[in-house]
Amino acid sequence: MAPLKGRRRFVADLEDATVACQAGIEAKGLSVLDITGGDDEGSILCEVVRSLGGERVLVLTMLVTDTSEYPSSHSWICFSQDENLSPDVLDVVQSASDAGSRTILEMVNTLLASLARKLFAPKKQKIPAAATSDESESEPESLMEADDDSTYNEHTDEEDFGGRTSVLDAGTTFDLASLKRDFDEVIALGYRPGLTRIGVSELVLSVSLPTYRLASRTSPRALMAWDARLLAKSRHLTLLVSGIRGAYPVLSANGHLSQAAHGTAGLQFKVGLTRRYKPAPDEVADLIRTFSTIEHSPHIDVGPDGLYSSETSFNDDEAPEDDDAFAFSLSAALESLLNDRFLELVQLRVRHSIGWAAAEALLNKVHRMQKSAEDILLEHSLDILQADGEEEELAKSYTLPPDPFALLDTSDRLNLPLLAFSYLLRRLTLCPRYCLICYDKIETEFEALKPYVCSDKLCTYQYYSLNRGPSLEYEICSKPQTVDLLVSLAYIAALEGGLSDFPDGMNLQVTPAGQKAAHDFDTLSEAQVRARTGGGMRDARADDDAHAQKRTAVAMLINTIPPVSEMKRVLMRKFKNGRPKLRLQHVFTSVPPAAWSVLRWCVASCTSHIEELVEASDQVVGIGSGFRQFRFTVGAPDAEAKFYAAQRQAIQEDSNARAYPSLFGFHGSPAKNWHSIIRHGLWFKEIAHGRAYGNGVYFAKDANYSINGYARAASCSWAQSEIQVRSCLALAEVVNLPAQYTHMSQQMFVVPQTEWIVCRYLLVSGVVANVAPGAVKAPGDAVPCIPIDPQHPLTMSGTADGGASGNVKIMIPEPSHKLDGLLEQRRAEYVDDPFDDEDRAVLAHVDAPASPPGQSAEMAEDDWEHDPSWVEQCVQHMLPPPVDASPTAVSSVQRELAAMLKEQEQARSLRELGWYMPPEFVGDNLFQWTVEMHSFEPALPVAQDMAARGVNSLVFEIRFPPNFPHSPPFFRILKPRFLPFIHGGGGHITGGGSMCMDLLTADGWLPSYSIAAVLLQIKLAISNLDPRPARLAANWDTPYTMHEAVQGFRRAANAHGWRVPDTLNRM
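When we follow the numbering used here, the leftmost residue of the sequence shown carries the number 1, and every step to the right adds one.
Possibly wrong hints are sitting among the right ones.
[Said to hold, decoys possible] Straight-line distance between alpha carbons at most 20 Å, and here's what the computed PhoX-like set of lysine-lysine pairs gives:
hint : residue 1 : residue 2
1    : LYS396    : LYS642
2    : LYS28     : LYS118
3    : LYS441    : LYS365
4    : LYS441    : LYS457
5    : LYS180    : LYS902
Everything labelled a hint here was simulated from the structure, so no lab data went into it.
Can you build the whole structure from these sequences, using the hints too?
In structure tokens:
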């Protein structure tokens, strides 16, 4: 293969230089902190700092005049925009432009060495020109000095390595053992820690979780509604913590910066999606950079087709370009929350021994009332503490992450990355309940599916002005029909008088009909009403007039918005390098700015999830071809959990519900109401049709009954719409308990319990895509359908697509089938990256022993002691060891065994270690271990039970599968026996003594898990008091059998929907 030349070689060399920078580029006291590509073609930014202290020397801009001539015939231009540079530094920078055709790394190394000589070395006498060779005469003086072997070659590889590791060996200011403990605890809770060096002095910590595992905590439909990228590809939700410079731990036990960390720039948090468990070093450097060049928006000459003048499109790739971006729709809001509030919340939790919810309620009052936390607690203690009680109730329908304050000893140390990531997961899970701007809890009767802002107009203004929430451009490119529908429904509601919520607080400037001056949208109506009523007192009619003016203004602005397909075409254009992406405002110049804001409001204020169904396997069968079908999810993220809980209760109460847990019904409403319905769900606050059959949500068993009686068609439509909406109706799933409905008849039924209702589909009558009659057929065997109760059939009367008339039976695909397949695909795609060298070095760290080598460390007087006789009683009930093994498994188990024994030998205290592997019970078979778990917190019920019965430890058998580490080991307790969950026990221990934990299943296990970290997580699970504490059984001395353990594990896995490892069948 021919060597790279030109621009490709330049780009490759720049990548190599960036990697070399992360590895460490030094010369006599100077280091390169950062190398990155500049804004212009062929430009490079290089930041030089002093190795000690990290003081910046200069930021150098290096420019290759023509990258097509790189690397042999190009020229360099070097300059710096820094002010007050010394003459020596300026001399080096100016002479560098005459350095000839050097490669990037050659140029950087030469410049660095030359700068080091100028700044630190004594002045040398210049070499006379007559004494130099012809080649020497062609070199600039300062660079020629830098090439002197006596100067440059004194910098050895050992010095490079020492410079890179110096941060972790910084004596008392950097406690590597503390970082290792924090990493172990992060792993124990199922997350992935990481460490990235930036330059020679800054460390960035990361914690991540595969996004598909978020679906075990939050409804997958909610995740798709928040941002489709969360499940669209295999990604990690990643938290970056920067601002750590030469000191760790960063936090003291009270939540404030530790003494060693004072003087740093402060902690900063970044939240986003990454391919691996942590971003590459150059990406980390870009993400945490707090400065950037100023972007100008010059005039762009754009043709009528959305192209630059005299240029054709480079590529019409039909896919959004943001799939690999770090930030997702909630990144900015979560980062702002962490940067503004996290440390204060931790301090309040430590100081007042309260939970996250109470700390948030307290801090919000501190900011609003401008009083001290102590004063507010005296005045509002009941309200503050009630927030924690409400969150405990929420935990019944939400799966909140474990709270490190409840599981770990935080009396003398705080695990910063674990606390921050746990809080991030909690707020992500509960994000629709809080305002994205002021962070306060949203107090409304209806809880939305997607996060938004509270009713404060200032929050609305900041939400749109700061561009929080979903990207309008991404929504247009990925879901154009949904955007078309949202704009159409807003337009119909505005013209037909159904619009009741307005884009207030957005600083919109509109020009009313018949006037020339622009008015602020918020005061537009009042101005018009005052002019019409002569400025007298406003009455109800004046309010009606005010709303009418706003509706007219909204409709007028929507009429100026171009077709969604045209906007998508412009956004999808790709152009040759050097051309910026087109902005819609540059192409559609006649559209007023307020119209773009209204367009964004139509999309961002929709708090439900609406997605057009284009594949036949997703669509409801039997619906006429005149309808577009959309997947429709509305309501809180836990609405589905509450629905299924009610459904399970119905199955226990009613024999018919056991066979048919659900009914389905059509809900119709006038077209003008759907802008509100998709934001607030199906409720019955207002009487629209007389309520002849009582209070509740009305459903029809036949679609046409709903269409003809309730779903009144629109009298207008948005001219630019491709859908041309006429009418809408929802298809909802309802808990099958007709006896508790307000009304039930042959045609319809009325349901008063809104938590029994889950919307599944939105059917929109209008202009549909070209689909052949009868194209939507019954799903194949691969797509299961929901059994419909024959007592309450679901039909669509009239003429079917095939031409026959009569009642067409409806067939509904299983709602979870598509999502289950998507999650299975994400699990199959996921590849567990091994820890890199940096992280392995941290995880492998062992504290220096307190005594000289060869002597065991002296244990504390009250340390835990191993009881061989107790273990001997327990191991008698073990099965013979496994016989299957693979070479990979043997080497992996050997490594784990060596690591366990080494950590145990070097431990300062067995009580602190929490587990013990008796050497005398380490047999010849590597694949069967005996491990004791001990030293639980004395206040725990399980510790008290063990003390009362004289139980020294929990004795575990660990059996490794033949394909370890790709499949999880099997952990089971031999003795003592615990109280089963059905009899009031807890601690995540099954009735057979195995552990009920996601990370020990085929779905939750990662090959990167160490056994020591798994043991720590098991101990945390047993210590967990939620939902109930672990307690010893009355027959505690009766050993568990292997059959009990395997069956208990299977039952627990089936109950939680976890996949059992294939190797379990061979136990």
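Results for each hint:
1. The hinted pair formed by LYS396 and LYS642 meets the criterion: a straight-line CA distance of about 9 Å does not exceed 20 Å.
2. Our distance criterion of 20 Å between C-alpha atoms is met by LYS28 and LYS118, whose separation comes to about 11 Å.
3. Among the hinted pairs, LYS441 with LYS365 is consistent with the structure: their alpha-carbon atoms are about 12 Å apart, no more than 20 Å.
4. Our distance criterion of 20 Å between C-alpha atoms is met by LYS441 and LYS457, whose separation comes to about 15 Å.
5. With a C-alpha separation of about 15 Å, the suggested pairing of LYS180 with LYS902 holds against the 20 Å cut-off.
Of the hints listed earlier, there is not a single one the structure fails to meet.
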